[in-house]
Amino acid sequence: MSFLRSLALAVGMALATSCLAMIARLGDSAGAWLLPALATSLVIALTVAHAIGRLAQRFPSALGVRTYLKAAFGNTTSLFFVFLYLFMITLVAGVESKLYAGIVQQMLPGVPPAATVVAVFAAVLAFNVRGQAFSRNVQLALVLFMVGGLMALAGHAIAAAAPGALARVAGERPVSALPLATIGAFFLYVGFEWVTSSQPGSRQAAAQLPRVLLAAVAVLGIVYLAFAAAVLMQLGPATLAQTRAPQLLLAALMWGEGGRWLLLGVSTAAVLMAFNAGVLGAARLVYSLAREGVLPLPLARTAAASGAPVPAVVCIVTLALACSAAVHAFDAGDAVANTAAVIICLCYAALLAASLVLAHRQPRPAPRWAFAVEAAALAAMLLLLVAMLADPAAWLPSSMAASACALLLLCARRAHSRTTTPAPAAPRGLARIHTRVHTEKEPA
Amino acid sequence: MSGLQQLLGGFAGRVNAQPSLRSTLAGWSPEFFIQAPDSGETFRVHFQAGQVQDVRPTADEPGDEALLLRGDSALLESVFDGRRSPLGAYTDGELEVYGSPKDQIKLDVIALVLWGA
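Which chain is which? The protein sequence lines are A and B, in order.
For the first sequence, the numbering used here begins at 1 and goes up steadily by one.
For the second sequence, the numbering used here begins at 1001 and goes up steadily by one.
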């Protein structure tokens, strides 16, 4: 069961409604070449998952990216990337909420987008303040519903397609679309590594993390390939160009109006599970940074009854809500999504480099090919970054990402000096907060 | 009696000397183990009524749901004699902590009160 719960976190963080919108966009530009693009990017994602799995094996109960990068590159670099990750989580929440509000409006035109977004964040807040065990169970239920719903729809659509449907689509777009589609498809997998930042709990769950990461990427690959094949066969690239919610179109075609409502439920599950997974991991990082004295100390308070880091959860949800409001206000969904893509490339490059550095510094038994494959994946990640930065259309998001990096680097340097300077007064204050909370609320 | 066992005895005394912890830990009786795989030592810390009742070496392997603190014996000694912050050792990935989130939070409170970090 612990394997399934961790798998649900890893899959849920990656498989959001924006992924289905991206499949529609890639299907429009690459046609049937999207399928080999998805398969190629699956291999790259598996390599990244393997590298992060090796880090998780080395530091089984650790704080994910915080520990991995601290061990490899020191405190400042680690803090910088943790800040970058937290920033990216809020950006993704903004993009995802905008897209979901648009989907709800298609089905329920009377519901204002702001109400949809606030309702989603309120639900995620409610899951997480009840404690990790509760939110992990909710996560598992949501992922099973989401993956089950999508696979049922895709399976039905593929089975009902006319013979040779895919072959007919194959000629509609040139093979030259394949490289760009592969780059785009890689971003469909990102987020699976977030499970390493949430608390594994038992030794068994911690030991399972490397396999969970690989299994999560495999599940994502199967779902994306099946869904992409289904929409290409039933809708075709031209129709995909006109939608950002291909799941609703396909459901309407296969199952009628009832299917559209069912897929609205699946989309709701997707957005809730992505936000829930994001908040679970991010709250743990915020709590730990506050415990270290890097962030304000009240963020390290916990609820006595559930042990949930409530102020950290509220902080993350509030930041995500603010980002969501900004994305809506400035209609900046694409620019923010591209900024997040540049940031995730940087983070993956750092994690791959950390795995290589630690393998070199403190060798452990590993297959011979592991080092070479991870080095190749690091080179691929850097190439991806260069390709994104070289695209004139991406200069705005690249500048936004660079500005964020510069600002967060300054924050990391200040935070590092705070953690290395002894400050006995602050932790004692926190100790008082902690003991007061637990003394007041815990039944004697 | 090993050096680590002596230090754990001192840890028990420090926990019991903190009046604020007594109410915080009241009703908390986890299966709490401390393990040093390199020296083959495992200790069971028995909590009752907000106090550490005893710390004993044990041959039992901690269950998967147990609260477990695991690290090299030298690291555990440096943590329990106060030279090393448990939070720092955990963030560095040297000290492993397993258990339910609620139990881990209680352990964190003890670390805050005794170590200040």
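Among the hints, erroneous ones may be present.
[Unchecked claim] Chain B regions said to be covered by chain A (calculated; three or more residues, Cβ under 8 Å):
| # | region |
| --- | --- |
| 1 | 1035 to 1045 |
| 2 | 1051 to 1058 |
[Claimed, not checked] Some chain B residues flagged as far from chain A (calculated, every beta-carbon gap over 12 Å):
| # | residue |
| --- | --- |
| 3 | 1006 |
| 4 | 1024 |
| 5 | 1081 |
| 6 | 1104 |
Keep in mind that the hints were calculated from the coordinates and are not lab data.
Glycine is no exception: its CB is placed at the ideal position from the N, C-alpha and C atoms.
We went through each hint and held it up to the structure:
With 0 residues carrying a beta carbon less than 8 Å from a beta carbon of chain A, the region 1035 to 1045 of chain B misses the three-residue requirement, and the given coverage is violated. Check result for the region 1051 to 1058 of chain B against chain A: violated, 0 residues qualifying (beta carbon to beta carbon below 8 Å, three or more required). Listed as a non-interface residue, residue 1006 of chain B keeps its Cβ farther than 12 Å from every Cβ of chain A; the least gap is roughly 25 Å. The Cβ of residue 1024 of chain B does not lie farther than 12 Å from every Cβ of chain A; its closest approach is about 4 Å, which violates its non-interface assignment.
With a least CB separation of 18 Å from chain A, residue 1081 of chain B remains clear of the 12 Å interface cut-off, as annotated. Under the 12 Å C-beta cut-off, the non-interface status given to residue 1104 of chain B relative to chain A is violated; the minimum distance is some 7 Å.
Checked against the numbered hints given earlier, this structure breaks hints 1, 2, 4 and 6; the rest are met.
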